[in-house]
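Student: Sequence:
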Amino acid sequence: MSVLIDDSTRVLVQGITGRIGSVQTHWMLEYGTKVVAGVTPGKGGTEVEGVPVFNSVEEAVKETGANASVFFVPAAFVLDAFLETVDAGIKLIVVVPEHIPVRDVIKMRHYAIEKGVFAIGPTTPGILSPGKGKMGIMPASLFRPGRVGIISRSGTLSYEFAGILSEVNVGQSTVVGMGADPVILRNLADILELFERDNDTDGVIIVGEVGGEQEEKAAGFIARRMTKPVAAYIAGRYSPQGKRMGHAGAIIRGSAGTVEAKQEALRAAGVEVLDSPIHAAQWAIKHKLR
2 MSVLIDDSTR VLVQGITGRI GSVQTHWMLE YGTKVVAGVT PGKGGTEVEG
52 VPVFNSVEEA VKETGANASV FFVPAAFVLD AFLETVDAGI KLIVVVPEHI
102 PVRDVIKMRH YAIEKGVFAI GPTTPGILSP GKGKMGIMPA SLFRPGRVGI
152 ISRSGTLSYE FAGILSEVNV GQSTVVGMGA DPVILRNLAD ILELFERDND
202 TDGVIIVGEV GGEQEEKAAG FIARRMTKPV AAYIAGRYSP QGKRMGHAGA
252 IIRGSAGTVE AKQEALRAAG VEVLDSPIHA AQWAIKHKLR
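For the sequence shown, my numbering gives the first residue as 2, with consecutive numbering after it.
Hints are not guaranteed to be accurate.
[To be verified] With a Cα cut of at most 30 Å, we get these calculated DSSO-like pairs of lysine-lysine:
1. K63 <-> K108
2. K63 <-> K44
3. K35 <-> K92
4. K44 <-> K108
5. K108 <-> K218
6. K63 <-> K116
7. K92 <-> K116
8. K35 <-> K133
9. K116 <-> K133
10. K92 <-> K44
11. K133 <-> K289
12. K92 <-> K108
13. K218 <-> K287
14. K63 <-> K35
15. K133 <-> K63
16. K92 <-> K218
17. K133 <-> K229
[Claimed, not checked] The calculated label-pair distances, taken between Cβ atoms and stated as ranges, are:
18. P75 <-> P183: 14 to 22 Å
19. R226 <-> D201: 15 to 23 Å
20. H27 <-> S57: 18 to 26 Å
FYI, nobody ran anything at the bench for these hints, they're computed from the structure.
All C-beta atoms in this analysis are idealised placements derived from N, C-alpha and C, irrespective of residue type, glycine included.
Work the whole structure out from these sequences, hints included.
Tutor: Written as structure tokens, this is what we have:
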């Protein structure tokens with residue numbers, strides 16, 4: 002078992018004929034992901050990396066049995082593509098693109114939850130389950146199979162944490178990039194719940210950052226529901242107030258979203274707060290999570 006992506010996942014790539022879509026399709030296939038279809042309107046009947054391309058999601062699902070979709074679609078077209086994908090019956094959607102208008106994300110979020118679809122992003126590196134497959138842009142060489150789950154607001158930090166753990170033979174069950182925008186399609190607590198239910202995950206690392214309230218709200222869920230050990234690292238300790246730090250969601254407004262507030266809430270919930278990414282390895286070894 003793994004979180005979100007497993008041996009039964011049949012992936013549809015939207016925007017597969019674009020430069021990024023075609024390159025990432027190659028790497029997903031190289032990693033063993035079951036990429037069964039692509040969609041680019043007007044390009045139906047062609048192939049990319051041996052994967053058939055269709056004009057619509059409905060057609061792709063009907064012909065290939067695709068049950069998950071990863072987006073490499075320009076931001077302006079993501080909303081329409083997302084609604085089409087949900088209506089076609091896809092139940093897992095990974096939205097990689099950035100710069101999607103907040104109002105579009107709000108519509109997507111409400112529609113996905115209403116229809117029972119689990120979607121992550123926008124601005125996410127995706128999902129990777131070591132040895133099983135990946136949806137998105139994570140560099141697979143840094144990951145190894147194991148029993149630690151990682152949830153990250155930052156793409157590059159998710160890779161760094163996986164690499165640090167892998168160097169000391171601490172593998173990962175699944176790594177989930179939750180998205181870095183102010184409004185995202187699923188909250189941190191929703192993803193934590195998946196790891197809590199996963200029999201192949203023994204502990205979870207949260208890689209957070211300044212801005213927003215995701216970590217503070219997740220602390221309440223952890224205190225109430227999590228039985229597995231949880232560690233957290235909050236990036237942006239020296240971020241100045243009111244200045245966006247890389248991601249659209251990484252901005253401190255007033256007293257909300259500071260590193261101190263997040264750390265305090267997480268510690269109160271029983272989470273071990275890490276001072277540095279390198280301490281993730283020590284935490285995992287201490288809890289015998291190899």
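Student: Within 30 Å, alpha carbon to alpha carbon, are K108 and K218?
Tutor: holds (22 Å)
Student: Tell me if the straight-line CA distance from K63 to K108 falls inside 30 Å.
Tutor: holds (26 Å)
Student: Take a quick look at whether K35 and K133 sit within 30 Å of each other, Cα to Cα.
Tutor: The hint holds at about 9 Å.
Student: Could you say whether the range 18 to 26 Å given as a hint is met by the Cβ separation of H27 and S57?
Tutor: holds (23 Å)
Student: What's the verdict on K92 and K116, does the C-alpha distance respect the 30 Å limit or exceed it?
Tutor: holds (9 Å)
Student: Does K63 pair with K35 here, judged by a C-alpha cut-off of 30 Å?
Tutor: holds (16 Å)
Student: Take the C-alpha atoms of K116 and K133, compute the straight-line distance between them, and say whether it is at most 30 Å.
Tutor: holds (27 Å)
Student: Cβ-Cβ distance between P75 and P183: within 14 to 22 Å?
Tutor: The hinted range 14 to 22 Å holds for P75 and P183, with Cβ atoms some 20 Å apart.
Student: What's the verdict on K92 and K108, does the C-alpha distance respect the 30 Å limit or exceed it?
Tutor: holds (17 Å)
Student: Take a quick look at whether K35 and K92 sit within 30 Å of each other, Cα to Cα.
Tutor: Given that 30 Å is the threshold and the Cα spacing comes to 16 Å, the pair holds.
Student: Tell me if the straight-line CA distance from K92 to K218 falls inside 30 Å.
Tutor: holds (25 Å)
Student: With a cut-off of 30 Å on the C-alpha distance, tell me whether K133 and K289 pass.
Tutor: The given pair, whose Cα atoms are some 23 Å apart, holds under the 30 Å limit.
In summary, this structure violates none of the numbered hints.
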